[in-house]
Amino acid sequence: MALRQWMVTHEWMVKPTPQTEWIERRGILVWIAEVFTSLGAGLYLVSLYFNNWWGMLAGYLIIMCLKLPPHILYFGKPLRFWRTLIPFTDSWKTSWFTRGINFTVYFGTIVFFQLVIGYLAINVYPGTAWETWDIVLKVFGGIFAFLVGIYSGFIMSYCRSVPFWNTAMLPLILIIAGVTDGLALMLAIGLVDTSVDIAAVEFGSRILLIVNIIFIAAYVWNATYISKTAKYSAMLLLKGKLAPVFWIGVITCGIISPLVISVSSYFSGDASTPLLITAIGFHTIGAIALKYILLKAGIHNPILPVKTSS
Amino acid sequence: MRWGMVVDLGKCMRCHGCVVACRVEHFLPLGMTWPRLIAWEKPVEELTTFPVRCNHCQEAPCVKVCITGASQQREDGIVWVDQDKCVGCRYCLIACPYQNRTFLSKDKDTGYFPGYELTEFEKAGKRSYPHTVGTTEKCNFCMERIDDGISKGLSPGIDRDATPACVNACPSRALIFGDLDDPESEIKRLINSNMGFQLHPEYDTDPSTYYFDKGRKGV
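Heads up: the protein sequence lines correspond to chains A and B, in order.
Just so we're aligned, residue 0 is where the first sequence starts under numbering that gives the first Met the number 0, counting upward by one.
Just so we're aligned, residue 0 is where the second sequence starts under numbering that gives the first Met the number 0, counting upward by one.
Hint data in this document are derived by calculation from the structure and do not stem from the laboratory.
Don't take every hint at face value.
[Unchecked claim] What the simulated footprint calls covered on chain B by chain A, stretch by stretch (three residues with Cβ under 8 Å from a Cβ of chain A suffice, anywhere in the stretch; the number is not a length): (1) 2–8; (2) 80–86; (3) 92–99; (4) 124–134; (5) 138–147.
[Unchecked claim] Some chain B residues near chain A, calculated using beta-carbon distances under 10 Å: (6) 49; (7) 62; (8) 68; (9) 103; (10) 104; (11) 117; (12) 118; (13) 151; (14) 153; (15) 154; (16) 157; (17) 203.
Positions of the beta carbon are idealized from the N, C-alpha and C atoms, including for glycine.
With the hints as extra help, turn the sequences into a complete structure.
Here it is as structure tokens:
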């Protein structure tokens, strides 16, 4: 039956509707912020593990200069940003978004002091109490870096309105992807900083890339039977309009290519610089693509039952 | 006390009167509509409509996710947005399972006749009911009318001056407003006697808007 024009005004509310607020138009800023959240938090955590001051500095700068500003600029009223901070709001009790912004601010504050004290402990006062303070701040910095890396997963998984996101697996996927991104960036730092143990970074990378692919496969598979709308999202990734980004960007560039390069370097004994640069580039493309498909495949359940043929 | 609304789908004539009344009451910009009429094509070649608006859920996800506390719930159940506190993060738009919130962007507030002077209606609206670009808006059950009416000793849902504009405007009395906590209220009686239902009860949001349908026919 042909619908009259005036009766189809809100037809979109009776069909699975993609969320557009966080990926289209100004929403692109959210996507950019999510990419840098992953890269920055992951790099800081990996740098902590390898005790690499330059990596920590890079992770800190990524979070504070490339992640936080786009997030704030995305707001309709950016100058009201202060309203999201404790003690000006008590929304942290229920809102993961408020918690996340506050985690980021605490991360920024603590890690700033950690980097300054860490630098002094290494270069000016080695073997003194400065090192103890550095360790204490690193512990807190690590905790907040972990929280910064995982909170956006909780923001999305809280939304029952978007079944594809509404799973406890999403925060795990984002934090694992973040640490894997961090390892890739650590390789990049290793190209200029000879103190980085490239073999150890590659070992970690191999393990996490395999874990990553298992988690992503399980997540998408799980979505196919959560609900009709979640299945619709999953199918968009597997064979719909997001399939090229998913298969080429996330799977091939983000996981398979770095894994193949990493495994080949394991058997050949040493990875050449061009191969490492290729792996880092591919991996970064994968990180960008993963955030894109997750945000883009967020589909709202229709308000009313959907006609089978529509 | 918990204010709620029941929609008698069998009586709704699809006149869009509720949509227009709300626009006039709140001086809504042209790109924004608080109540909507959803066209719904049934499987058997039949078209019907659902009037929808904010459901003022008891367990409102929009209130829980709000990052500044701008989305609030009053003791009488009304969910409203403090536009002075809203930062425009749009998390509530995504978390609302009913998609009943709207972000007021500049392109939704271009004036009724873009490029020309504001109409007298729009000028009056800017003075008496300003809308803030960059924030989120939604139906507030005409809480100003309710509060004002109660202060004058009137009963919302019974006295017109204390009742939401859309309910007053409905020519077929398809919209009924009242206290869901009062077992003697008309709204409660209609819900109980007609097997009133909420949209998407599986979300556990406990909406304050109910529907019932007694032998409704197509367009």
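Hints, one by one, checked against the model:
1. 2–8: violated (count 0)
2. 80–86: holds (count 3)
3. 92–99: holds (count 7)
4. 124–134: holds (count 4)
5. 138–147: violated (count 0)
6. 49: Holds - the Cβ of residue 49 of chain B comes within 10 Å of chain A, reaching about 6 Å at its closest.
7. 62: This hint holds: residue 62 of chain B lies near chain A, its Cβ roughly 8 Å from the closest one there, short of 10 Å.
8. 68: holds (5 Å)
9. 103: holds (8 Å)
10. 104: At about 7 Å, which falls below the 10 Å cut-off, the nearest Cβ of chain A leaves the hint on residue 104 of chain B intact, so it holds.
11. 117: violated (22 Å)
12. 118: violated (22 Å)
13. 151: Result: violated, 34 Å to nearest chain A Cβ.
14. 153: Result: violated, 33 Å to nearest chain A Cβ.
15. 154: violated (31 Å)
16. 157: violated (30 Å)
17. 203: holds (8 Å)
Comparing the model with each earlier hint shows violations of hints 1, 5, 11, 12, 13, 14, 15 and 16; every other hint is respected.
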